[in-house]
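*Asks:* Chains as they are written, first to last, in this note's numbering: chain A, 1 to 245; chain B, 1 to 284.
It cannot be assumed that every hint is accurate.
Taking lysine-lysine pairs in the DSS-like style, the calculated list, with each CA pair at most 30 Å apart, reads [unchecked claim]: (1) B/Lys138 to A/Lys95; (2) A/Lys243 to A/Lys77; (3) A/Lys95 to B/Lys267; (4) A/Lys159 to B/Lys189; (5) B/Lys15 to A/Lys117; (6) A/Lys77 to B/Lys173; (7) B/Lys138 to B/Lys212; (8) A/Lys184 to B/Lys173; (9) A/Lys125 to B/Lys15; (10) B/Lys170 to A/Lys21; (11) A/Lys135 to B/Lys212; (12) A/Lys77 to A/Lys231; (13) B/Lys212 to A/Lys29; (14) B/Lys173 to A/Lys8; (15) B/Lys173 to B/Lys266; (16) A/Lys111 to B/Lys170; (17) A/Lys95 to B/Lys189; (18) B/Lys15 to B/Lys170; (19) A/Lys77 to B/Lys170; (20) A/Lys184 to A/Lys21; (21) A/Lys117 to B/Lys212.
FYI, nobody ran anything at the bench for these hints, they're computed from the structure.
Residues per chain, in single letters:
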Amino acid sequence: MAPVIELKNINKHFGDHHVLKDISLSVEKGEVVVIIGPSGSGKSTLCRTINRLETIDSGEILIDGERLPEEGRNLAKLRSQIGMVFQSFNLFAHKNVLDNITMGPVTVLHKSHSTSKDEAMELLKRVGVGSEAHKLPSQLSGGQQQRVAIARALAMHPKAILFDEPTSALDPEMINEVLDVMTKLASDGMTMLIVTHEMNFARRVADRVIFMDDGRIVEEAKPEDFFENPKTERAKTFLNSIKSE
Amino acid sequence: MNYAARTFRDVLYEKPGPKTRSLITVFTVISALLLFLMLFFAIRSFYVNDQLNPKYWFFFTKITTWQFIGKGLVGTFEAAVLAGIMAFIMGFTMMLARISRFPFSNKIAAAVIEFTRGVPTLLFIYFFFLIAPGMGLKLPSLLKISLPVAISASGVVAEVLRSGVNAVPKGQKEAGLCIGMTEWQTFIKVIFPQGFKYVIPALISEIVIVVKDTTYAYVVSFPDLMQNARVLISNYDAMLSVYLTVAVIYILINYYLNKLASMIEKKASTGGFYGSRNRIKKYQ
């Protein structure tokens, strides 16, 4: 079976800056892959190329064995199958929590209002914000907003969800409530690609850790191997620098 | 932290000390005196020029006068609402062309917007009144006034809407695209409603300009408030009293429009504009 996400020899430049250098990786169904690395290493950009929020200069992106279209309805359709959770939540500011979640199912999947509403309530309960359904995003805490964002992604029944530093904009006491939801998702068998700085979480949840630096994949290993015995000097320095914090 | 209670004074100035307080008192007294003097001389010049003579004012006691003014008000209302709706439709279309991905339509839209913003309303009115009929375009007098007023406002509406759309954070668009909506769906369901909300006060200011522009209706003999006022003036040979009354009516209309704008602005800035609607929904 083809991997859910497969990248082949991706290259990308921002002007003169070569941000992604010949990246290849694949994520199998049900796998949780965590990308870590220093800031500016290109991990967020990599995450965003997968649903073409960033374009690539060369290489190939395959979703479920199918080439990622470059534009139009086909691209929109593929995007609907890949969920995305942002660092800054990006909930629709003018819609209440419930409408945030039903917008995709109603507009894109053409489900009825009542079905998607029931489903949305289920999802909200699952991520622990069932009582906030009628509030506006701005009335919620950061942790609640991010959990709603996860529910919004889940409502599309995606083949995989991309997490682009989902806890980096949160106050420390809210990080765990989001990580708990993600851990539950992972154990439910969701396919996930996660960019994060939460090392303990990565160690606990990841099936595979990818370490990036300067636009390259430097090391790729099982979490216990990576955190106990990093093979490259760069990874050793990185892990030491965060340990001392 | 009660932002609602803060006025522009709190933002611009620190709390006044004793010296400033006495200075404020002095200036208040001087301004009051000047205002009083101005009022005095205005009324005195009315009196000297016999403008307070009852013959200039008695017809305001007749119900027919007010009915006539009321009819004019309805005309103003019709022209302004029609012009406002057309200006919004044209402005929205021009805004779409201006922000579209096709460079050619951007350029055309930019040129049209500059044109409509740069040409005085009266010239558009003359075009539809004097030139268009010669080219076979005969419009009813309501359209002869509201169409040119709408055209004149449309460019500003387009730019105001565009500034609102541009102010919506980029993440909103990305979130829309990521749940699989097309660019157009994302624009209509996510970007535009938010951008529109930001610019409601600016749009209401533009409606005030539309209302004022409809006073050109006399050019095309459309019976708006201004045109009917001119009829009253020639009937009773009373210029000042009629103009004064009409001015007060226009001031009241535009005052309440502006008040509406600042009310909406306040609600929007505290997040209550959509929130209140949702709260209502919850208790239904």
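*Asks:* Looking at the structure, which of the earlier hints fail to hold?
*Replies:* 1, 2, 5, 9, 11, 12, 13, 18, 20 and 21
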